[in-house]
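So the sequence lines, in the order shown, correspond to chains A and B. Quick note: the first sequence uses my numbering, first residue 1, plus one each step. Quick note: the second sequence uses my numbering, first residue 1, plus one each step.
Treat the hints with care, since some could be wrong.
Said to hold, decoys possible - Heads up, simulated PhoX-like pairs for lysine-lysine below, C-alpha to C-alpha not over 25 Å straight-line:
(1) A:LYS127 with B:LYS130
(2) A:LYS167 with A:LYS197
(3) B:LYS130 with A:LYS130
(4) B:LYS127 with B:LYS152
(5) A:LYS127 with B:LYS149
(6) B:LYS130 with B:LYS75
(7) B:LYS167 with B:LYS149
(8) B:LYS56 with B:LYS75
(9) A:LYS197 with B:LYS197
(10) A:LYS56 with B:LYS56
(11) A:LYS167 with A:LYS149
(12) B:LYS56 with B:LYS127
(13) A:LYS127 with A:LYS149
(14) B:LYS197 with A:LYS130
(15) B:LYS149 with B:LYS197
(16) A:LYS75 with A:LYS127
(17) A:LYS130 with A:LYS56
(18) B:LYS149 with B:LYS130
Simulated from the structure, these hints should not be mistaken for lab results. All values reported here derive from a predicted model rather than from experimental measurement.
There are 2 protein chains.
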Amino acid sequence: MAFKYYIPAESISELTINRLSVYLRCLQQLENENTTTISSQELAERFHLNSAQIRKDLAYFGEFGTRGVGYNVPKLREHLVNILGLNEERRVLLVGAGNLGTALSHYSGFNTRGFRMVAILDADPHKIGKRVPGGLTVEDVAELPRIVKERKVHIGVITVPATSAQKVFDQLVAAGVQAVLNFAPAQLKGHPEVKLKHVDLKISLELLSFFLGHASRIASMS
Amino acid sequence: MAFKYYIPAESISELTINRLSVYLRCLQQLENENTTTISSQELAERFHLNSAQIRKDLAYFGEFGTRGVGYNVPKLREHLVNILGLNEERRVLLVGAGNLGTALSHYSGFNTRGFRMVAILDADPHKIGKRVPGGLTVEDVAELPRIVKERKVHIGVITVPATSAQKVFDQLVAAGVQAVLNFAPAQLKGHPEVKLKHVDLKISLELLSFFLGHASRIASMS
Numbered sequence: 001m002a003f004k005y006y007i008p009a010e011s012i013s014e015l016t017i018n019r020l021s022v023y024l025r026c027l028q029q030l031e032n033e034n035t036t037t038i039s040s041q042e043l044a045e046r047f048h049l050n051s052a053q054i055r056k057d058l059a060y061f062g063e064f065g066t067r068g069v070g071y072n073v074p075k076l077r078e079h080l081v082n083i084l085g086l087n088e089e090r091r092v093l094l095v096g097a098g099n100l101g102t103a104l105s106h107y108s109g110f111n112t113r114g115f116r117m118v119a120i121l122d123a124d125p126h127k128i129g130k131r132v133p134g135g136l137t138v139e140d141v142a143e144l145p146r147i148v149k150e151r152k153v154h155i156g157v158i159t160v161p162a163t164s165a166q167k168v169f170d171q172l173v174a175a176g177v178q179a180v181l182n183f184a185p186a187q188l189k190g191h192p193e194v195k196l197k198h199v200d201l202k203i204s205l206e207l208l209s210f211f212l213g214h215a216s217r218i219a220s221m222s
Numbered sequence: 001m002a003f004k005y006y007i008p009a010e011s012i013s014e015l016t017i018n019r020l021s022v023y024l025r026c027l028q029q030l031e032n033e034n035t036t037t038i039s040s041q042e043l044a045e046r047f048h049l050n051s052a053q054i055r056k057d058l059a060y061f062g063e064f065g066t067r068g069v070g071y072n073v074p075k076l077r078e079h080l081v082n083i084l085g086l087n088e089e090r091r092v093l094l095v096g097a098g099n100l101g102t103a104l105s106h107y108s109g110f111n112t113r114g115f116r117m118v119a120i121l122d123a124d125p126h127k128i129g130k131r132v133p134g135g136l137t138v139e140d141v142a143e144l145p146r147i148v149k150e151r152k153v154h155i156g157v158i159t160v161p162a163t164s165a166q167k168v169f170d171q172l173v174a175a176g177v178q179a180v181l182n183f184a185p186a187q188l189k190g191h192p193e194v195k196l197k198h199v200d201l202k203i204s205l206e207l208l209s210f211f212l213g214h215a216s217r218i219a220s221m222s
């Protein structure tokens with residue numbers, strides 16, 4: 001019945017953390033609907049999740065439910081916010097003001113609770129000085145070290161072409177950024193003290209391709 | 001020892017399919033390095049995966065390994081290509097020629113083996129007729145039903161603002177598209193015969209936020 005969460009000593013997989021994000025969205029929706037209590041079974045049925053998996057994932061971080069009653073929705077939501085570190089502001093810097101970078105600079109979610117976009121950089125003199133839709137002005141990538149330090153950047157997002165991605169990653173690491181999200185289709189050599197996550201948008205297309213190949217079963221799987 | 005794969009009767013989760021995509025990338029890399037055989041343990045260690053999970057995921061689709069020897073890398077890669085349906089061409093249509101749509105129209109991976117981008121549509125008269133970097137010309141969204149039919153589109157990708165996303169989804173369904181990837185930050189009402197996948201880019205940022213909160217453990221988790 002302890003509602004404090006603890007940081008587990010063992011490794012937690014990225015898939016577990018991604019599922020916490022999914023649970024958080026489900027709980028937010030339930031809270032919007034004024035649901036105050038839900039069991040892992042109900043949560044699983046409502047959102048097509050796995051109830052044993054939910055219990056196992058949450059058990060990493062403590063005991064959140066009450067046996068026979070279930071989870072308190074607002075409390076569990078708040079715990080997930082804390083576990084994911086979304087109760088603090090994470091300052092995000094974007095490198096690469098092309099179409100993808102510009103899109104992300106005003107992507108809903110990159111500038112909401114927990115995250116704040118503080119800069120968008122590029123090396124192209126034609127782009128530097130231009131305003132992007134989110135309200136930021138493109139700054140010179142040569143200023144990266146100063147901007148990271150002054151604006152206390154936590155997360156760097158790489159949206160440059162594949163050929164420049166490693167150089168940008170190394171610059172972000174040298175400047176002291178602790179976490180990097182890479183959208184460039186390049187395998188980057190990481191750094192032991194910096195968390196690097198590669199976003200591969202093709203994986204979502206491959207998922208759809210699988211379902212197309214087994215179309216008769218789509219209805220039961222969505 | 002049968003190398004044919006079969007389509008399982010029970011439901012397979014999206015997470016399993018996403019892991020198949022990850023295994024495919026690992027095997028492609030191993031094949032590039034001329035590795036011909038690998039055990040699930042070696043595969044797990046090399047790419048920071050879980051060997052029991054690998055065996056369980058693959059077991060859904062048949063028996064691919066040889067006990068005491070491991071997996072034949074090129075054969076397993078080819079099986080995964082077939083399971084994911086990437087041996088056939090999936091034709092992709094994009095709706096929304098803003099920054100994100102334009103970025104995706106020439107995103108590496110959306111136009112490689114297995115996928116072909118056949119159209120990008122928009123409602124804005126200023127965008128219609130303009131060429132995007134991938135080589136396509138923006139067409140009028142009013143032509144969606146004709147284009148889907150003539151170009152035999154399998155997958156629709158939605159990159160319009162949230163307020164228009166449901167309307168576009170319904171148009172894609174009415175036109176006969178079987179699978180939809182939605183980038184708009186909107187909860188769409190689905191259709192029982194159409195596979196709908198929502199891409200939430202914020203989940204990757206939340207993953208990094210988690211690791212920032214537990215930075216001392218980053219090195220052991222990458």
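Okay, the hints, checked on the actual structure:
1. A:LYS127 with B:LYS130: holds, 20 Å
2. A:LYS167 with A:LYS197: holds, 16 Å
3. B:LYS130 with A:LYS130: holds, 22 Å
4. B:LYS127 with B:LYS152: holds, 24 Å
5. A:LYS127 with B:LYS149: violated, 39 Å
6. B:LYS130 with B:LYS75: violated, 43 Å
7. B:LYS167 with B:LYS149: holds, 18 Å
8. B:LYS56 with B:LYS75: Holds, at about 18 Å.
9. A:LYS197 with B:LYS197: Roughly 21 Å separates the two Cα atoms, so the pair holds.
10. A:LYS56 with B:LYS56: This hinted pair holds, its Cα atoms lying about 18 Å apart.
11. A:LYS167 with A:LYS149: Distance of about 19 Å is within 25 Å: holds.
12. B:LYS56 with B:LYS127: violated, 48 Å
13. A:LYS127 with A:LYS149: The given pair, whose Cα atoms are some 23 Å apart, holds under the 25 Å limit.
14. B:LYS197 with A:LYS130: Status violated; Cα separation ~34 Å.
15. B:LYS149 with B:LYS197: Holds - the C-alpha atoms of B:LYS197 and B:LYS149 are around 22 Å apart, at most 25 Å.
16. A:LYS75 with A:LYS127: With Cα atoms ~45 Å apart, A:LYS75 and A:LYS127 exceed 25 Å; violated.
17. A:LYS130 with A:LYS56: violated, 48 Å
18. B:LYS149 with B:LYS130: Cα-Cα ~23 Å, so holds.
Hints 5, 6, 12, 14, 16 and 17 from the earlier list are contradicted by this structure; the remaining hints agree with it.
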